[in-house]
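Q: Kindly generate the complete structure, drawing on both the sequences and the hints.
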Amino acid sequence: MAYWLMKSNPKFFGIDDLQRLETDSWDGVRNYRARNFMRDEMQVGDKVFFYHSSAKPSGVAGIMTVSKAGYPDPCQFNPEHRHYDPIATEDEPRWYMVDVTFEQAFIDILPLSALKFLPALEDSLLMKKGCEQLTVIPLDAKHWYAIMDMAETLNLLSEQPVVR
Numbered sequence: 001m002a003y004w005l006m007k008s009n010p011k012f013f014g015i016d017d018l019q020r021l022e023t024d025s026w027d028g029v030r031n032y033r034a035r036n037f038m039r040d041e042m043q044v045g046d047k048v049f050f051y052h053s054s055a056k057p058s059g060v061a062g063i064m065t066v067s068k069a070g071y072p073d074p075c076q077f078n079p080e081h082r083h084y085d086p087i088a089t090e091d092e093p094r095w096y097m098v099d100v101t102f103e104q105a106f107i108d109i110l111p112l113s114a115l116k117f118l119p120a121l122e123d124s125l126l127m128k129k130g131c132e133q134l135t136v137i138p139l140d141a142k143h144w145y146a147i148m149d150m151a152e153t154l155n156l157l158s159e160q161p162v163v164r
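Numbering-wise, the sequence shown is residues 1 to 164 according to our numbering.
Because the hints were derived from the structure by calculation, they are not lab data. This structure is a prediction, so every number in the text was calculated from the model and none was measured. Hints are supplied without guarantee of correctness; some may be wrong.
Said to hold, decoys possible - Derived EDC-like pairs (lysine to aspartate or glutamate); straight-line CA-CA distance at most 16 Å: (1) 116 <-> 90; (2) 68 <-> 41; (3) 47 <-> 140.
A: Have a look at this one:
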């Protein structure tokens, strides 16, 4: 099992939307590095922090699980869709997505401003300059547990069982 952090602007899709749907496709990713993570590395059962980006505050909003490994994003083939890619073909897709399943919403956002104080995250891509726009970020186990411990310390975990 691997650990990840995936970013979404909650104006378009937030943790509450995923909770309502239970499972959904993480589509529309148009960054090659993020695409490669989804296409080549993410597997069913991987644990993922749902991160609200471009929000006030931005931060970890909850936990989800990868429920379907990478597969071609059908939006790229639809000329009417905002994520249409005229270069992509069904034989040679350019963009991939995964399906994710809701596990737990935090009681409140665990803000990036607090995460910056975690020494365990110093070497993570989340804190690396130049990676701010990366929407899919691999985490080491030490990163995952540091974030979970902080969420628990700040009483942000709901009454649901803690996903570890």
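Q: Each hint should be assessed against the structure and marked as holding or not.
A: Results for each hint:
For the suggested pair residue 116 and residue 90, the alpha carbons sit about 42 Å apart, so the restraint of at most 16 Å is broken. Pair hint residue 68 plus residue 41 holds up; C-alpha atoms about 12 Å apart against a cutoff of 16 Å. With a CA separation close to 11 Å, the supplied pair residue 47 and residue 140 stays within the 16 Å bound.
Of the hints listed earlier, the one the structure fails to meet is number 1.
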